[in-house]
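Asks: Spelled out, the chains give:
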Amino acid sequence: MSVSAAPTATVPATSAESPVLRVESLSTSFIRRGKPLQAVRDVSFELRAGETLVLLGESGSGKSVTARSILRLHGKQATVTGSVMLGDVDLLTLGDAPMRNLRGSRMALVPQDPNASLDPLRRVGHQIAEVLQLHGISSSRSVARARALELLSLVGIPDPPRVFASYPHELSGGMRQRVAIAIAISCEPTVLIADEPTTALDVTVQAQILRLFQDLQHRLSTALLLVTHDVTVAAEIADRVGVMYAGQIVEYGPATEVLQRPRHPYTQALLGALPLPGMARGSLRAISGAPPVAGTAFSGCSFADRCGAAVESCHQQAPVLITVQRDHRAACPVLNSPSNPADSSKEGSR
Amino acid sequence: MITRSDVLLDATDLQKTFGNGVRAADGVSLQVRRGETLGVVGESGCGKSTTAKMILRLLKPDSGTITFGGQNLLSATGSDLRALRRRLQLVPQNPQTSFNPRLIIRSSIEFNLRAHNYARSGWRDRVDGLLTRVGLTAEHGDSFPHEMSGGQLQRAAIARALATDPELVVCDEAVSALDKSVQAQVLNLLADLQQELGISYLFISHDLSVVEHISDRVLVMYLGRVVEEASAETLYTAPGHPYTRTLLSSAPGYTGEHLPPQGEPPNPADPPSGCVFRTRCPWVMDRCVTERPLLGVAKQAQYVACHLNDPHLRDTTISSSSVLTEPITSSSDS
Numbered sequence: 001m002s003v004s005a006a007p008t009a010t011v012p013a014t015s016a017e018s019p020v021l022r023v024e025s026l027s028t029s030f031i032r033r034g035k036p037l038q039a040v041r042d043v044s045f046e047l048r049a050g051e052t053l054v055l056l057g058e059s060g061s062g063k064s065v066t067a068r069s070i071l072r073l074h075g076k077q078a079t080v081t082g083s084v085m086l087g088d089v090d091l092l093t094l095g096d097a098p099m100r101n102l103r104g105s106r107m108a109l110v111p112q113d114p115n116a117s118l119d120p121l122r123r124v125g126h127q128i129a130e131v132l133q134l135h136g137i138s139s140s141r142s143v144a145r146a147r148a149l150e151l152l153s154l155v156g157i158p159d160p161p162r163v164f165a166s167y168p169h170e171l172s173g174g175m176r177q178r179v180a181i182a183i184a185i186s187c188e189p190t191v192l193i194a195d196e197p198t199t200a201l202d203v204t205v206q207a208q209i210l211r212l213f214q215d216l217q218h219r220l221s222t223a224l225l226l227v228t229h230d231v232t233v234a235a236e237i238a239d240r241v242g243v244m245y246a247g248q249i250v251e252y253g254p255a256t257e258v259l260q261r262p263r264h265p266y267t268q269a270l271l272g273a274l275p276l277p278g279m280a281r282g283s284l285r286a287i288s289g290a291p292p293v294a295g296t297a298f299s300g301c302s303f304a305d306r307c308g309a310a311v312e313s314c315h316q317q318a319p320v321l322i323t324v325q326r327d328h329r330a331a332c333p334v335l336n337s338p339s340n341p342a343d344s345s346k347e348g349s350r
Numbered sequence: 001m002i003t004r005s006d007v008l009l010d011a012t013d014l015q016k017t018f019g020n021g022v023r024a025a026d027g028v029s030l031q032v033r034r035g036e037t038l039g040v041v042g043e044s045g046c047g048k049s050t051t052a053k054m055i056l057r058l059l060k061p062d063s064g065t066i067t068f069g070g071q072n073l074l075s076a077t078g079s080d081l082r083a084l085r086r087r088l089q090l091v092p093q094n095p096q097t098s099f100n101p102r103l104i105i106r107s108s109i110e111f112n113l114r115a116h117n118y119a120r121s122g123w124r125d126r127v128d129g130l131l132t133r134v135g136l137t138a139e140h141g142d143s144f145p146h147e148m149s150g151g152q153l154q155r156a157a158i159a160r161a162l163a164t165d166p167e168l169v170v171c172d173e174a175v176s177a178l179d180k181s182v183q184a185q186v187l188n189l190l191a192d193l194q195q196e197l198g199i200s201y202l203f204i205s206h207d208l209s210v211v212e213h214i215s216d217r218v219l220v221m222y223l224g225r226v227v228e229e230a231s232a233e234t235l236y237t238a239p240g241h242p243y244t245r246t247l248l249s250s251a252p253g254y255t256g257e258h259l260p261p262q263g264e265p266p267n268p269a270d271p272p273s274g275c276v277f278r279t280r281c282p283w284v285m286d287r288c289v290t291e292r293p294l295l296g297v298a299k300q301a302q303y304v305a306c307h308l309n310d311p312h313l314r315d316t317t318i319s320s321s322s323v324l325t326e327p328i329t330s331s332s333d334s
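Chains X and Z, in that order, are what the protein sequence lines are. Quick note: the first sequence uses this note's numbering, first residue 1, plus one each step. Quick note: the second sequence uses this note's numbering, first residue 1, plus one each step.
Hints were generated in silico from the structure; no laboratory data involved. All figures in this text were calculated on a predicted structure; none of them were measured in a lab. Just so you know, not all the hints are guaranteed correct.
[Unchecked claim] Cross-link-like lysine to any residue pairs, in silico, SDA-like; alpha carbons within 25 Å at most:
1) 53(Z) x 200(X)
2) 35(X) x 148(Z)
3) 60(Z) x 17(Z)
4) 299(Z) x 285(Z)
5) 35(X) x 149(Z)
6) 53(Z) x 173(X)
7) 35(X) x 147(Z)
8) 299(Z) x 233(Z)
9) 76(X) x 99(X)
10) 35(X) x 150(Z)
11) 35(X) x 146(Z)
12) 60(Z) x 78(Z)
13) 76(X) x 59(X)
14) 35(X) x 144(Z)
15) 299(Z) x 277(X)
16) 76(X) x 191(X)
17) 299(Z) x 264(Z)
18) 299(Z) x 278(X)
19) 53(Z) x 173(Z)
20) 76(X) x 97(X)
21) 35(X) x 78(X)
22) 53(Z) x 33(Z)
23) 35(X) x 143(Z)
[To be verified] Covered, in the sense of this in silico footprint (three residues per stretch, anywhere, with C-beta under 8 Å from a C-beta of chain Z), are these stretches of chain X:
24) 172-182
25) 185-193
26) 271-278
By construction, the Cβ of each residue, glycine as well, lies at the ideal position given by its N, Cα and C atoms.
Make the full structure from the sequences, and use the hints.
Replies: Shown next, in the form of structure tokens:
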């Protein structure tokens, strides 16, 4: 397919080393009822070409705000600090016009709810073609149409001409999400950001969409930043995982490491709370309490109140990310203190 | 041996077609026994919530029968219906919208007591006791819904349902809106309450792992029909219907043989002829186009609506004219 004949198609081994997106010390705060509310605190991560990073967190953890801050879709009231480097451009200092230009072309968003993101009054095909013309990919309408049809078949839509001429309400939820993905990849972005892209979908459709993401990444070498609350989705698709809690990344590393040998009590508890086959009813290891409301301020560790491993100092001193292995970091000095190097509490067998 | 009196809820051959032609329930039969949890899984549009609404008498079936505790639920009126409703309660999906935002929690729960003529003098103690039982405090009773978290509100919704000492609680996606770390608390609470009070649950959810965890038996629905019914263990280890198999293999993290469902769910207003799953089934045969498969015994206590399950077909590998001899039954023994 000609789509792969793109600037990003040449992904030599070197680009695997240099990140396409580098987020450093990103903090986002809003003013709510006259008081500052910090939704994201000091978040840093890197995304390399063709790689999938999953931000995993519960409601209010700041995962969606992080994604939106990167795209600068956080709204006028928000204050964003830190840096977001796309290649060598800092998105946070970029002017509005170049940012608008870049959004949808080099970086694109797949939203959670395609019902809300597609225009209900316009045919699907025109909504795809519009993006192509807007970003100057296709100059004429006929070229844009041909390309839109190509994109529809690329995202696995069986009868592109029919779907091209359909209105969103005539399509199923899975089809609409495929259309939203077609729009997002229309300009072959370097970075694709997907905010809970399968949460509104049925499980059989979710499986198809996750496979589509993997397939597209393989073909286009797009880097994918996927935001989800669903541990099983993360396990399915992630190369690396950043676990977010109360606006911070509390654990970060390769997916297999983080999900199989978690080194932060929250990650451990979250994985332990999932119902697994064979567990007796009523025996789920629930985490006491509830996730803090977005923006809650903490003097110490944000998870300390719900944590089984918490010691006194946890309530006073905010933990920083500690490297537990090459690329695996966790913000818990109790489980990962130098005096307690071979933490045995959760160490799985290799 | 299961006797008649063990069956608390018995729904037979429920039919419901909406005005837009969508057949949301097409011959749904189910039974809930005392003290057990019957799980209902299926994707959106499969008719699971419609079935729940008919059982709660919030929606009138076009045909079919429902008995609850031996009484005809569909023909009950007036004080008889009220008495039945007291024994049959609901925990809805979204507690943020099921509580009146302008009433404190206590008042919302008292509404349920008032509706069922509980003496006003006992309300306060009763509500306090209920709140404590579900892991809240009496002070939560004086909070407004917006002052509580999703998990706390869902506990309050459970307290409200328990207020009238129900025998059956219908949980319609009752934990779906909750964060996973909180979901586990509520699932544990539901299990504890069942053990303590002997209540039955009709537990409806799209979440396979949650249904497996909480249920004794599970019903799988697709496009208004029950395609499989089995014990939770059997269903998840040896699913009988092709749809159940594709559904299980679609769950993220599934490690067995991957069986992607073909294509898209059909239009529910214009379902396929014969077997409704045939347009997406990897094992579709000619017969599936013309003949509707009936729910028949596959193994002990496992019922599957699939022509592959036809004993004649399994034994002789031919015979397109053979018809399943099993009647359309829900399980009646195990």
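Asks: Does residue 173(Z) lie within 25 Å of residue 53(Z) when you go C-alpha to C-alpha?
Replies: Judged against 25 Å, a Cα distance of about 13 Å means the pair holds.
Asks: Are the Cα positions of residue 35(X) and residue 150(Z) separated by 25 Å at most?
Replies: holds (24 Å)
Asks: Is the straight-line distance between the alpha-carbon of residue 76(X) and that of residue 97(X) 25 Å or less?
Replies: Holds - the C-alpha atoms of residue 97(X) and residue 76(X) are around 15 Å apart, at most 25 Å.
Asks: Within 25 Å, alpha carbon to alpha carbon, are residue 53(Z) and residue 200(X)?
Replies: holds (22 Å)
Asks: For the pair we were handed, residue 76(X) and residue 99(X), check the Cα-Cα distance against 25 Å.
Replies: holds (15 Å)
Asks: Please verify whether residue 299(Z) and residue 278(X) have alpha carbons no more than 25 Å apart.
Replies: Holds, because 21 Å separates the two Cα atoms, which is no more than 25 Å.
Asks: At least three residues with a C-beta closer than 8 Å to a C-beta of chain Z: is that true for the segment 185-193 of chain X?
Replies: Violated - the segment 185-193 of chain X has 0 residues with a Cβ nearer than 8 Å to chain Z, which falls short of three.
Asks: Residue 53(Z) and residue 173(X): Cα distance at most 25 Å?
Replies: This hinted pair holds, its Cα atoms lying about 24 Å apart.
Asks: Between residue 299(Z) and residue 264(Z), is the straight-line Cα distance small enough, at 25 Å or below?
Replies: violated (30 Å)
Asks: Is residue 53(Z) within 25 Å of residue 33(Z), Cα to Cα?
Replies: holds (19 Å)
Asks: Confirm or reject the coverage of the segment 271-278 of chain X by chain Z under the rule of 3 or more residues with a beta carbon closer than 8 Å to the chain's beta carbons.
Replies: Per the Cβ count (5), the hint holds.
Asks: Verify the proposed pairing of residue 35(X) with residue 146(Z), using a straight-line Cα cut of 25 Å.
Replies: holds (19 Å)
Hint compliance for this structure: hints 17, 25 are broken, all remaining hints hold.
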